[in-house]
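Go by the hints and put chain B onto chain A.
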Amino acid sequence: MKLESVLEEARSDAAVVAPGAARERVWQNLQRPRRARPTLLYFVASATLGALLCLGIVRLVQPAPQLQLAKVELGQATLLTLRAPARVELGTRRIDLQEGTATLKVAADGSGTLEVQTGACFLTDSDGSRRPVSTGTTRLGPLLSEEVALYERGWAQLSKNPQAALAVFDDQLRRFPKGALVQEARLSRLEALVALGRHAEAVVEARSFLQDFPQSERAAEVKKVLEEK
Amino acid sequence: LDARVDASSDVELVGRCRAGDAASWRTLYSQHFDFAWRIARRLGTPQAELEDVAQESFEIAFKHLDDFREGRFRTWLYRIVANVVSGRHRTRRVRELFFGMWSPSSIDAGHEARVEARQTLELVQQVLSRMAPKKREVFALHELEGLPHAEIAELVGTSEETVRTRLFHARKDFERACLKRGVEP
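Heads up: the protein sequence lines correspond to chains A and B, in order.
439 is the number that this note's numbering gives to position 227 of the first sequence; each next residue is one higher, with no gaps.
561 is the number that this note's numbering gives to position 91 of the second sequence; each next residue is one higher, with no gaps.
Misleading hints may appear alongside valid ones.
Cut-off 25 Å, straight-line C-alpha distance, at most; resulting in silico cross-link-like pairs (DSS-like, lysine-lysine) [stated by the list, open to error]:
{"hint": "1", "chain 1": "A", "residue 1": "Lys317", "chain 2": "A", "residue 2": "Lys283"}
{"hint": "2", "chain 1": "A", "residue 1": "Lys214", "chain 2": "B", "residue 2": "Lys533"}
{"hint": "3", "chain 1": "B", "residue 1": "Lys605", "chain 2": "A", "residue 2": "Lys214"}
{"hint": "4", "chain 1": "B", "residue 1": "Lys650", "chain 2": "B", "residue 2": "Lys604"}
{"hint": "5", "chain 1": "A", "residue 1": "Lys214", "chain 2": "B", "residue 2": "Lys642"}
{"hint": "6", "chain 1": "B", "residue 1": "Lys605", "chain 2": "B", "residue 2": "Lys650"}
{"hint": "7", "chain 1": "B", "residue 1": "Lys642", "chain 2": "B", "residue 2": "Lys604"}
{"hint": "8", "chain 1": "A", "residue 1": "Lys390", "chain 2": "A", "residue 2": "Lys317"}
{"hint": "9", "chain 1": "B", "residue 1": "Lys605", "chain 2": "B", "residue 2": "Lys642"}
Incomplete in silico selection of chain B near chain A, CB under 7 Å [what the hints assert, rightly or not]:
{"hint": "10", "residue": "Phe505"}
{"hint": "11", "residue": "Arg508"}
{"hint": "12", "residue": "Val594"}
{"hint": "13", "residue": "Leu614"}
{"hint": "14", "residue": "Leu617"}
{"hint": "15", "residue": "Cys648"}
In short, the hints are calculated from the structure, not lab data.
Even glycine gets a Cβ: it sits at the ideal position worked out from N, Cα and C.
With the rest of the complex left out, here is chain A (with noise of 0.2 Å):
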């Protein structure tokens, strides 16, 4: 084949003419809504949220961290090192360390320090607030102050209002179950039952005293009082 047979070839090519059919499908092409080209941003978001996506994936196979759930019993100095996610009940406190690491120093009176080291810390106070902890030392007060201040209200209320007062005590009852108080707390519990003539609970309350504490000092009154019924 020579050179000049080639062009010849070629300016003879019949497909230069454009097929009616041809003229008329793109056409008909021009007049349909057009898709949107692919443009930068379009592989921009596509590459974003293709990442995403990954990591979403990622994070779905790796299994979840365990929560460490720690119930600090007060009466005792405790050292506790956390490690997210962690939860603490401290007497009616709660510290929730979701991210990061801490360390919880606690004395028998249930004060003591949290020290977040870093992450996102929570402690939910005896009164029910929740609030962050921000990374360093922070310094928690004695729970039994809290204790001793409850008891010292049903007390006060006792004589005058044995119905608030027996609200009183089983508040902290279930507050503090196993507070410095818990002994004292049942017993007026169970003088205002008495108060309030609710003698069968009276004695329900006085033999369960009894049971749970057969050694204490006060055992001698509680059966006096059996007796006496």
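Relative to the frame of chain A, chain B by itself:
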């Protein structure tokens, strides 16, 4: 004079299109479709892609119709078609570069016996697609389409002298590429 008359009627027609006259859109398309098709083919577009190139060119033309202010619509459309074809050649070259790493080219040098009618056209397309766009267009418009230098100069927006120079170099490139593919001088 004819060119001036053409230009003024083009401007009027485009004006009606801009005003939203559907019939004028159709007229504009019908008047220039064959030209767009022909140019696309002459510039080396494979037959299978001609419809796509025509459609893409008219989409661009219709979308940017507000940019056409004066002159001949055909000249303006030519630039669009030439750009679309150049873009496709570029894409095809990159694609072939990648696939060529694993498979040899479909047309090998030294196989004169296989260069028949269809293959000759493919060879011309291949050579054209590898030429620099400016050389390709003057070569195709003059050697294949048979347009005079003056008309080519108007279409590509340059002087006749430049067209002659480009044509000279384009012919050399074309010959060299054909010889490499087994065509005799």
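(Q) I'd like to know which numbered hints this structure contradicts. Please list them from smallest to largest. (A) 2, 10, 14
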